[in-house]
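Enquirer: The lines below spell out each chain.
There are 2 protein chains.
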Amino acid sequence: MTVIKQAAIIGGGVIGAGWISRLIENSIDVTVYDPADDAAQKVDAVLKNSRYAYGKLISGPRPAEGSVSFCGSIADAVANAELIVESVPERLDIKQSVYAEIESTAASNALIASSTSGIMPSDLQAKMKHPERLLVAHPFNPVYLLPLVELVGGAKTSLETIERAREIYHSVGMHPLHVKKEIEAFIADRLLEAIWRESLWLVKDGIATTQDVDDAVRYGFGLRYAQMGVFDTYRVAGGEAGMRHFMAQFGPCLKWPWTRLMDVPEFSEELVDLIAGQSDEQSGHMTIREMERIRDDNLIAILQALKGNDWGAGKTLARYEHQLMQAANDE
Amino acid sequence: MTVIKQAAIIGGGVIGAGWISRLIENSIDVTVYDPADDAAQKVDAVLKNSRYAYGKLISGPRPAEGSVSFCGSIADAVANAELIVESVPERLDIKQSVYAEIESTAASNALIASSTSGIMPSDLQAKMKHPERLLVAHPFNPVYLLPLVELVGGAKTSLETIERAREIYHSVGMHPLHVKKEIEAFIADRLLEAIWRESLWLVKDGIATTQDVDDAVRYGFGLRYAQMGVFDTYRVAGGEAGMRHFMAQFGPCLKWPWTRLMDVPEFSEELVDLIAGQSDEQSGHMTIREMERIRDDNLIAILQALKGNDWGAGKTLARYEHQLMQAANDE
Numbered sequence: 001m002t003v004i005k006q007a008a009i010i011g012g013g014v015i016g017a018g019w020i021s022r023l024i025e026n027s028i029d030v031t032v033y034d035p036a037d038d039a040a041q042k043v044d045a046v047l048k049n050s051r052y053a054y055g056k057l058i059s060g061p062r063p064a065e066g067s068v069s070f071c072g073s074i075a076d077a078v079a080n081a082e083l084i085v086e087s088v089p090e091r092l093d094i095k096q097s098v099y100a101e102i103e104s105t106a107a108s109n110a111l112i113a114s115s116t117s118g119i120m121p122s123d124l125q126a127k128m129k130h131p132e133r134l135l136v137a138h139p140f141n142p143v144y145l146l147p148l149v150e151l152v153g154g155a156k157t158s159l160e161t162i163e164r165a166r167e168i169y170h171s172v173g174m175h176p177l178h179v180k181k182e183i184e185a186f187i188a189d190r191l192l193e194a195i196w197r198e199s200l201w202l203v204k205d206g207i208a209t210t211q212d213v214d215d216a217v218r219y220g221f222g223l224r225y226a227q228m229g230v231f232d233t234y235r236v237a238g239g240e241a242g243m244r245h246f247m248a249q250f251g252p253c254l255k256w257p258w259t260r261l262m263d264v265p266e267f268s269e270e271l272v273d274l275i276a277g278q279s280d281e282q283s284g285h286m287t288i289r290e291m292e293r294i295r296d297d298n299l300i301a302i303l304q305a306l307k308g309n310d311w312g313a314g315k316t317l318a319r320y321e322h323q324l325m326q327a328a329n330d331e
Numbered sequence: 001m002t003v004i005k006q007a008a009i010i011g012g013g014v015i016g017a018g019w020i021s022r023l024i025e026n027s028i029d030v031t032v033y034d035p036a037d038d039a040a041q042k043v044d045a046v047l048k049n050s051r052y053a054y055g056k057l058i059s060g061p062r063p064a065e066g067s068v069s070f071c072g073s074i075a076d077a078v079a080n081a082e083l084i085v086e087s088v089p090e091r092l093d094i095k096q097s098v099y100a101e102i103e104s105t106a107a108s109n110a111l112i113a114s115s116t117s118g119i120m121p122s123d124l125q126a127k128m129k130h131p132e133r134l135l136v137a138h139p140f141n142p143v144y145l146l147p148l149v150e151l152v153g154g155a156k157t158s159l160e161t162i163e164r165a166r167e168i169y170h171s172v173g174m175h176p177l178h179v180k181k182e183i184e185a186f187i188a189d190r191l192l193e194a195i196w197r198e199s200l201w202l203v204k205d206g207i208a209t210t211q212d213v214d215d216a217v218r219y220g221f222g223l224r225y226a227q228m229g230v231f232d233t234y235r236v237a238g239g240e241a242g243m244r245h246f247m248a249q250f251g252p253c254l255k256w257p258w259t260r261l262m263d264v265p266e267f268s269e270e271l272v273d274l275i276a277g278q279s280d281e282q283s284g285h286m287t288i289r290e291m292e293r294i295r296d297d298n299l300i301a302i303l304q305a306l307k308g309n310d311w312g313a314g315k316t317l318a319r320y321e322h323q324l325m326q327a328a329n330d331e
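Going down the list, the sequences are from chains A and B.
For reference, each letter of the first sequence is one residue, going 1 to 331 in the numbering used here.
For reference, each letter of the second sequence is one residue, going 1 to 331 in the numbering used here.
Pulled out of the complex, with its shape left as it was, chain A reads as follows:
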């Protein structure tokens, strides 16, 4: 069933470790390079979460787990990989030097997928020997549970690379979304950045606490966004009169002073203190590990609930379980 057998992960942070989980849960063997002393320990913590999550999430047969091996260099880690995932810090110079090292030993047809949240693939691939096999495959935390992965090619990325990536991510239970025109931060993170900036203003200006903002999301529109997104939600709100009616009614609001659009809040120590202090007050009674467990339990429950309705991310899960079932039968 799996499209590939061997992948390499460069960078074992929250995102890299999430990729490791997603891949080994699909019988793919993984080699890892991360220079940090506690890398193996941090990866282990994520694998513990993901093993628990998959045990609860998947109702049918689960494939045998792939292996995880830590390597002493990037060159060693990528030598036999069909897919190379780069999840290193968000600095173009660091990423480019990682690609140079990757290309020293990687097969020339191995896919290189950057997890960057916002850097354009054309910039990432600028100095590569085989730039056609680089793309951005941008996942969402927790990578082992959220199905979305945004696929973005640069000017030199081949169509075959995009198609191959689509096939790979599809096979590991994800929902690949091809972003057809390159732009900084792609689609989802542009929306998230807009919310984040407005949220910071609300706290900075004393309108809301971090808890107020969180509650305004999760008791209201967050429940809509788990299943319908922006435009379909408004299409329904417009009623039988349709989208055109909705836009005529609410379009003018764009000119009203409903967001602080003209500037970004200054990122002062004061603002960081304010946010961090309120966040501690809101959730400091839980460890991050406890919060991860709550988040994962909720995500699993929501995915399974939507699976019952065969809709959105639930549909992806239903399709994935069906795929796993077939693979088990084929054996």
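Think of the hints as simulated: they come from the structure by calculation, not from any bench.
As the structure is a computational prediction, the values presented were derived from the model and not from experiment.
There could be a bad hint or two in this list.
Which copy is meant is left open, so a pair is good if it fits within one copy or across any two.
[Stated by the list, open to error] BS3-like, lysine-lysine: derived pairs with alpha carbons at most 30 Å apart: (1) Lys204 to Lys315; (2) Lys315 to Lys56; (3) Lys181 to Lys42; (4) Lys48 to Lys315.
Assemble chain B onto chain A, guided by the hints.
Expert: Here is chain B on its own, set in the frame of chain A:
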């Protein structure tokens, strides 16, 4: 159990009708004024949806349904109401003239709650005889399912009004969020406006279709927002290093060109055509009624899934069912 017995709804659109549903499901008798010829018919369509939804949502006993009576004037509708809900179009002059007519017959201690998405309560109450009893109680569509209601007082709103409103909305299964400082569009709609504006840019600039934007939301961060909100999500993403670490890492992104923050897209006929056309292509194969049913089924499933974890909106539902159970036992 119910805190009030009699409410009036002025304006029977999607929001007004949603309020009617929420209130009659809690044994509250409702009088309605809406000048449209087809008002009763449109309200009926929403009541049909909400009766179906409550039948699926509530696992224990449900209270006897309150009555709905249409009245020939605002003055008639509000004469005996303890709570008066104003859900008329978003124009200050219209709303102010509605309040004048309300005050001609309403009891001086009846609460007047505006459903406005963004007008400041201080402006709404400016010409009232008893401004202390006006507040904004801003709900979210579908009002009969989403628990959030933002409560906002103006300069002249009394604390008793806010407390009384909190008690009423709590009793009908909602999660009242008191927005302590007045601002246009309050909290949630400011975040939604930021997303909406960025979404319009993405479609206008040809980066994404309406379907791409919707999928980027519902397969990814929308699933997170159904249960954790903005700050807690990032707190977890920051890991054990905490919120301060997360902000240090991602704060500088605010200065990167990740959103089109400096201006709003011009609301041309061309843009409306583009959006409406893509939306038809995406969802034109379903009627609005069918989409409402899908949305409601999903929301019910998500609320019940979260109830299992006793978290966020699921906690509100658990509390509400417990409350209904007690009321049934007390009878």
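Enquirer: Using 30 Å as the alpha-carbon threshold, which applies to Lys48 and Lys315: within, between, both, or neither?
Expert: Both, since 26 Å and 27 Å are each at most 30 Å.
Enquirer: State whether the alpha carbon distance between Lys315 and Lys56 is at most 30 Å within one copy, between copies, both, or neither.
Expert: both (17 Å within a copy, 21 Å between copies)
Enquirer: Pop the pair Lys204 and Lys315 into one bin, within, between, both or neither, using alpha-carbon distances up to 30 Å.
Expert: between (40 Å within a copy, 29 Å between copies)
Enquirer: I want to check one pair: Lys181 and Lys42. Are their C-alpha atoms no more than 30 Å apart within a copy, between two copies, both, or neither?
Expert: This pair counts as neither: shortest intra-copy Cα distance 35 Å, inter-copy 42 Å.
Violated hints amount to a single one, hint 3; each of the other numbered hints is respected by the structure.
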